[in-house]
Amino acid sequence: MSTPTIALPKRQYMGLFIGLLAAAIYAIVIPFVTDDFWLRLLTTSVTVAIAAAGVGVLYGRLGFVSLNQFALVGVGGWFYLRFAYVSDAIPSPVLLIIAGIGTMIIGTLIGLPALRLSGLSLALVTLMFAAFAEVFFNNFGFPDGNNGWQGQADNISTTQLPRPSYLESNTSMWFYVVIVATVMFLILWFFLKGRPGRAWAAIRQSEPGAASMGVNITGNKMLALAVVSFTTGVAGGLLAIPNGRLDPLSFAAVNNIILFAVVLIGGTFSLVGAILAGLLNNVFPTVLETIVKEIPPIYNFFGAAFTNLILVIFGAGLIQALWTSPRGIAGNFAMMGQALNTVFTKHRSFLAVRQFFLVLVIPPILLLTLGAVRGLLVTIAIWLAVWAGSILGKLMGKGGALNRVGFWIGFIVVLIIGVAGVLVPADGQVLGSWILFIIWIALLLISTYVLPRKMKSVEADEAKEAVNA
Amino acid sequence: MLPYIVTGIALGSLYALSGVGLVVLYRATGVLNLAYGAVGALAALIGWELNQRSGLSQPASIVLTIVITMAIMLLYGIFIGPLLAYRDAVVKATATLGLALACLGIANWKWTDKGRTLRLPTDTQTFELAGVVINMTQVLAFVLAIVVTVGASWLLKVTKTGTNMRALANDRELAAMLGVPVRRVEALAWGITGAIAGISAILLADLTLFTASWLTFLVIPALAAALVGRLVSLWATLLGGLIIGVGEAILTPIEGLTQLRSAVPFVVAIVVTLWQARKKVYVIGRAA
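Listed in order, the protein sequences are those of chains A and B.
Mapping to numbering that gives the first Met the number 0: the first sequence position 287 is 286, numbers consecutive.
Mapping to numbering that gives the first Met the number 0: the second sequence position 206 is 205, numbers consecutive.
Hints in this document: simulated from the structure, not taken from any laboratory.
In this text, all values refer to a predicted model and were calculated from it rather than measured experimentally.
Each hint should be verified, as a subset may be incorrect.
[To be verified] Residues from chain B that keep clear of chain A, each with C-beta distances beyond 12 Å, as calculated:
#, residue
1, Glu48
2, Asn50
3, Gln51
4, Thr111
5, Val149
6, Trp153
7, Glu172
8, Ala211
9, Val267
[Claimed, not checked] Simulated restraints on C-beta separations:
#, chain 1, residue 1, chain 2, residue 2, range
10, A, Ser86, B, Arg118, 49 to 57 Å
11, B, Asp170, A, Ile297, 27 to 35 Å
12, A, Asn299, B, Pro58, 46 to 54 Å
13, B, Gln124, A, Phe436, 29 to 37 Å
14, A, Asn138, B, Pro180, 45 to 53 Å
15, B, Arg115, A, Ile294, 27 to 35 Å
16, A, Ile294, B, Thr207, 36 to 44 Å
Think of the CB as a built atom: it goes at the ideal place given N, C-alpha and C, for glycine as much as any other residue.
Pulled out of the complex, with its shape left as it was, chain A reads as follows (with noise of 0.2 Å):
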């Protein structure tokens, strides 16, 4: 009765072997260029991503629209928080796990009664129960040592839980933050791939056919709900320690629709798109506020609250990524590797070596050396520069030479509007910031409507994505 097991292909120890590169380089470089504030940014950014990969996890391998996971989080943390008071000796990795168990008891009772039901069914309550959680937060509070099952006297304390003595500085949270986030991108990576991973993608597929097969189709979702919301638990967990403390109003229902939303626009099929998804969520509006305020006509119009606005454009990439399909920026990334594989057919070596290049060794140099908003601003031109080269080549020809010099026309056209317009003048950070977006809507809009577009249906792409990747 078991399913029969195949040999993991290289390639996919090849992703994760430079995910894991990825992480440690990007996690020594990073304290290096930015200042205390943006750090603690990052650092939430990366919580977020663990629950944003859960999100994804449940939304692109088995279909679940899971609205209640942010709320899910404050299970996490509330768990941490609870426990922490109970003895000072408890270490911190020993409550990130008791929070992740906690929360995985309750995301999988959640979801229990709604896993024989329709899609929609799950969709329903957990959304329901981001609504109660909203309530149950702002009534009962977060644990601040006292007694009780709730460990709260009154909803306006302000203890705070000292951070254990080795996370004492914000660098050192960084890296735990990371390390932990590894840890648990791990965790799902290795059920992804494994038994669960093809029972999933075999569900997804088809539910009757998975049955037929002998997929146990109820153990396997439970499997998923409980995975997801133990990592999820986990994140509770680290957004629990910077602070010592977590706000209820941090947990409106609302904010659940929103980690929906930026997972989709991220991409959900990979876990890069998780790590968008958190930066979305936490940096984006941080960094439009801060470029908006630089221009004093547009934020005089629009106010002091127009960070509210990013909902629309949230609420926009929801309903585009749903219509078109949820790969999302991440799977913007992935086309254009892909693009690049029909351009330089031939190397096959470089296939692996621009990888390794665009993701590992030029974006450290260049944030290390120009510093962070510069250094970023001219990675991402030198990644849209690769994606327009391709973009040019796949439209200039099927392969060949003339796929190659539309590359490198393309390349370099863009590489050169890109860079200077960041460099050269003296305010580049804006300049620079809006000539990039400008590249990066058009070439979105050319890949989308110019290049001839697959006749498949949305959902067996998706599928077959969920099987592939």
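Put chain B on the given structure of chain A with help from the hints.
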């Protein structure tokens, strides 16, 4: 206890009213519109703004609210609905969350989350029944819920339009082939649901809080009511809404349980879902 029950019935009627709007749209298009509350909230805020700041009369602002809600829902249904027409129900429902986010974003940007009050003239018209003071707004809510349920039931079961709507939800291509004016029927369904949403938004804003976030998430008791009706039966939805409203109301004066009253929709939904899951069924194809 009795005053709370009266409030509960009034609120429950509004949950049922919203629920009926949700179910009508779902039965006609397969879209469970989770942006129900958000669109209504945005329109109500616009109407309120014009009424308070620009001197528009209140009846006019009420009509404007309903019109704006219908317009937004119609635009969504005409432009975005068809893009997702052949996807399954979850995807269609999740897409409406995008609309909800957009409406919430605009509402919070212009009006932030400050509370404001919406007062209807029927608020001050009260009468006494069995020692409890009841105002006409609550009566209006209850009466409207019944009227709309009757009307929608009649529409869906008896009229040709209703049959067209049900045919559309069942199999869009077949319906089109049979000569059902698909786009027009769809637009009608979205318009009707928009009108109901506008009315519920105004009444809810009057009877509860008038902030965008609160009104947006009042879609949840409405959803629970719709789930009680299995997304099919309008009368069961009405009953479900009333049960939830009264359930919440009963818990309010009880010390210690009052904070859990927001769990009532959740518990009702779980119970109903568990009850429906007692038969194991594999869903193949469209889940209409």
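Going down the list of hints, with the structure as the test:
1. Glu48: holds (15 Å)
2. Asn50: Since the minimum Cβ distance to chain A is about 22 Å, B/Asn50 lies beyond 12 Å and the statement holds.
3. Gln51: holds (19 Å)
4. Thr111: Check fails; 6 Å does not lie beyond 12 Å.
5. Val149: holds (26 Å)
6. Trp153: holds (27 Å)
7. Glu172: holds (14 Å)
8. Ala211: Non-interface label fails for B/Ala211: nearest chain A Cβ at 10 Å, not farther than 12 Å.
9. Val267: violated (9 Å)
10. A/Ser86 <-> B/Arg118: 49 to 57 Å: Given a distance of about 54 Å, which is inside 49 to 57 Å, the answer is holds.
11. B/Asp170 <-> A/Ile297: 27 to 35 Å: violated (49 Å)
12. A/Asn299 <-> B/Pro58: 46 to 54 Å: violated (36 Å)
13. B/Gln124 <-> A/Phe436: 29 to 37 Å: violated (56 Å)
14. A/Asn138 <-> B/Pro180: 45 to 53 Å: This hint holds: roughly 50 Å between Cβ atoms.
15. B/Arg115 <-> A/Ile294: 27 to 35 Å: Check passed, 31 Å falls within 27 to 35 Å.
16. A/Ile294 <-> B/Thr207: 36 to 44 Å: holds (40 Å)
Hint compliance for this structure: hints 4, 8, 9, 11, 12, 13 are not met, and every other hint is.
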